[in-house]
Amino acid sequence: MSDIQTIESEAVAAIEGADDLSKLDAVRVAELGKKGRVSGLMKTLGKMSPEERQDMGPKLNALKNRVAAAVEARKAALEDAALEAQLASETLDLSLPPKKEPVGALHPVMQVFEEVAAIFGDMGFTVAEGPDIEDDWHNFTALNFPEGHPARETHDTFFFHPQQGDTPKVLRTHTSPVQIRTMMEQKPPIRIIAPGRVYRNDWDATHTPMFHQVEGLVIEKNIHMGHLKGCLIDFVKAYFEVNDVEARFRPHFFPFTEPSAEMDVKYRKQGDSILIGEGDSWMEILGSGMVHPNVLRNCGIDPDEYQGFAFGMGIDRLAMLKYGMPDLRPYFEADPAWTRHYGFAPWLTPSIGGGLS
Amino acid sequence: MKFSLSWLKDYLATSADLDEILELMLKAGLEVEHVENPAEKLAAFSVCKVKTAEPHPDADKLRVCTVGTIDGDKQIVCGAPNARAGMTAIYAPLGAYIPGLDFSLDKKPRKIRGVESQGMMCSTKELEAGEDHDGIADLEDDLPLGMAAAEALGVDDPVIDFEVTPNRPDWLGVKGIARDLAAAGAGGFLDEEVRKVSGSFDCPVGIGLKAPDVCPIFAGAYIRGVENGASPDWLQARLRAVGIAPKSLLVDVTNYVSLDRARPLHAYDADKLQGQVVARMGREGETLLALDGKTYDITPDMCVIADDSGVIGLGGVMGGESTAVSDETTNVFIESAWFDPLTTARTGRTTGIISDARYRFERGVDPKSCVRGVHMALRLIIDNGGGKSSKVKVAGEAPVAKPKVEFYKQDVARLTGLDVKPATMRKMLKTLGFDIEDIGETWLLTVPSWRFDVDQSADIVEEIARLEGYDKLPTTSLPPLEGGRRVVTTRLQHRVRTARRTLASRGFLEAVTWSFMPKPHAELFGGGDEALTVANPVASELNQMRPSILGNLASAAQNAFNMGERDVRLFEAGPVYLGDGPKDQRSFVTALVKASDPRSWKGGEPYDSFAIKADLFAVLSALGQAPDRFQVDAPRLDHWHPGKAACLKLGPKVTVAHFGALHPRVLKALDVEGPIYAFELNLNALPYMKARATKTKAVLNKADRTPVRRDLAFVVADTVAAGDIVKSAKGADKGLISEISVFDVYQGKGIADGHKSIAIEVTLQPSGETLKDEEIDAVMSRIVKSVGKATGGELRS
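Here the protein sequences come in this chain order: A and B. The working numbering applies: residue 83 is where the first sequence begins, and numbers increase by one. The working numbering applies: residue 2 is where the second sequence begins, and numbers increase by one.
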């Protein structure tokens, strides 16, 4: 018995006295290794009588377990101390800046294109596109601009040099040629919007020689001017993210629509912002009308069977009204300061479900 | 087009006030641009009576007056020579703003040479109501004290300016405006006929029509012994109100008829005419000194008025100097003809002349107004300038009237959703001048001769809808489209969106630059084709359609640098133009970087060709285009650096992208400091993946998929492309090798001159059983063989 007690107290003292892991391991081997002291005692069990063994067996096993537990505990304590020491030496000055990453942004015009597409997409429209360089027929004649008519001159058209006596090509003055191309390729029902670059020879505080338009076209069997009104009021409310908007439709003239209308909305100014849907002033925001029967005929659609409406609006100005850019010119200057300020974060994807802006 | 309210009331019996008239104009489609009411600025002024006018004790030229005013008797010191007791004048109270002097009177009485003055009496010029500044306004004595000055001076007459849309030239005459407003409900239309002048002799000037297609009718008359003095006050006032300076009776009358009836006329000094007046086409070599003092070359597609002396006018555009009327004119020949709109428009464009006559003729003048117009002018001239008129001579006939139009009443509801009673429609159309014939459900309409915009039923629908008022249109949301939802964007648009968002998230700023660029710049990028040169550019530096977006972005980046930016990353998703055909436009995504070397406490890699390659590959990956499906080759366009840029091909013919450094020579020509790294990606050249029949994805096989990795290093000649090693290595076992990546490139000690060592890591991806060592060794030796065959490379020992 005294053997057991002596061995245990000696072993525990040695374990506690081990101040690093290798010394601890040496103690473990000396006590619990194959030739260790505790292991040696365990071997004596074989030579004992059954009675002795019944008495000594549990005692020796308990000794072995206690020594082993003491080794484990010491090991954990030593490892902990080692980790603390290591951590104490591992310090970073985390006030230093991380690697600089450039921050990108999307152009407001392109963002507004997507907003408009989201709204009209929700009303069943799809997006159509066409070339910027057009022939006279698609840009004017098919749209019921009689040749030589002064209405053509109001468009300040850019021309190319005529090739081999052909009528000179033009830069499209509106995205209406896309309507023509769509009607010629596709059978009604048609609901499209046509966003894109358009060009007019005019450059001052409120005009740029290139700007952006979205036009829309609906051709079905029972679409009347009340739908035009409803659709565009729905659009304006959604785009300006207001619950209500007071709108006014006025007769106007466009060669390609009959009857034609311009749409005004009420607004007021508050500092630099323009609040749509409030106030007492009217602002024109788009042109529209029922598609002229001549245009339908020009595209091979029977105006006695199908009818519908078309509309067009300037995107640059629409962006200005919503987001407050004071001037058109910087839109086209690729100025980083302007784009960072008025641009949009890349993950901001306009949608009806997730919000436009 | 400007007109005054009082003028309008010549033809409109109405009790509507200004605001109601403006409201009705808006409703009928006459878009008001500006309203000026002279009464507003004269609101403070009123009629006063001068009771006494005594000399100023200390100044010879001043008088001290006692004036009866709306504010009671006032003492006013006045410097006007005509100030006298008993006169009726205009009183300005203290504090009033004097428009003609652009200053306000003091609010408190002021002493003038020691005598207090409690207001002012004004001249018509000071009130901007006339030109008279010799003294204060000296008015009729029967005007009551306190009457508003605007009324007393006859300027209480708002002037409205509105936009005449090209379809309605009849609105270029006040009478036409009145007709539309009457139809819109403003009151009764006063369709007074012109009182005809019965001439006492035959017109001595002969009229010849030698271009009947262009000038089919020409009415004329001769006045003998007219005095071409000033026109009457009322006529001058009307012209002045709409911004036209009165000149002389003859000129003013032709202007007046043009504004009143949209009927242009021309007055010739008959004594300067030589022989017959002929409307004919021009002849090569002819010239005209026109009334604007400029000489114009005549071409055979212009319609001219000529006499024996040659061309004396451009038909429907402008008269000539040689036969112009002057103050000395006593015998006059009046022309009232009709000219073809297209010819007039063309002549106007060719000569660049902008005149009221051209503006009206090119939009369309009522052909039936020729004779009426002459009579109206004769009446005004003879009544105010005396003389004797000839009979009116008419050569030719008015062009054939437009065919009648069938109007289907149900079209109103069908196209607009409006419910308008037939009786209402009938009244509207009648007032507009249409004749209506009932033929069953349909109406057969005779279109008035002044309307050129009505050809079919829909045109009548517009008339009904605007006169009924668009505010009465129903508001109906679009019904859902049958056949379910469709994808809103096309595949190409989807690509554009994905590419834009990828680049923005990698730190690029989106630009939108002109589709134009300077032609010399376009030539640097392989463009400059004559077919893509704008014939009438807005500015000389915007005269060529761009073959590449790079030039615009590079210039913008340089500008930003000049403004102090140090790291400019721009991109634009937009068009480039290869030709002028409808299929020659390409949708490009172009990114460009002008960076300074990074300054970081951790150090950092400068932006280079590999950085831009990473950005390009990120875009390609986002578009679902595995970058390794493309081949890298030498650049195919001259604006790229020959050694530090490359193209990305898909097979031998299709170039999808270029990336790397821009050519220093190009940058120099653009005045941009290099290096500039960029890529241009042609979205149209990227193939579309075949749409799969189902959205279900293949099952993921995870059975023993632990990859095996081995390194190999090859020594190759330094002209060998690393990409070829990778490609040939991969080709050794396409099934098993999932990835080859280059992790080291070495030249120097231990490697022979002209050679380099390229180390690759090979990843083998077993799909089922664990690979045995022999299998792995076999693949490795196949790789060594394959690389050796393709590049001459040997394993580095």
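Simulated from the structure, these hints should not be mistaken for laboratory data. In this text, a Cβ means the ideal position worked out from N, Cα and C, and glycines have one as well. Be a bit skeptical, because a hint or two may be false.
To be verified - Computed spacing ranges between beta-carbons, pair by pair:
(1) B/K422 x A/D384: 25 to 31 Å
(2) B/V33 x A/E235: 19 to 25 Å
(3) A/D384 x B/A14: 51 to 57 Å
(4) B/D143 x A/S363: 39 to 45 Å
(5) A/Y405 x B/P643: 51 to 57 Å
(6) A/E235 x B/P82: 20 to 26 Å
(7) A/L169 x B/E770: 40 to 46 Å
(8) A/D384 x B/D18: 35 to 41 Å
(9) B/D302 x A/S363: 44 to 50 Å
(10) A/G99 x B/P708: 30 to 36 Å
(11) A/L169 x B/W602: 20 to 26 Å
(12) A/S363 x B/V655: 51 to 57 Å
Original post:
Which of the numbered hints above does this structure break?
Top reply: As far as the earlier hints go, 3, 5, 6, 8 and 10 are violated by this structure, in ascending order.
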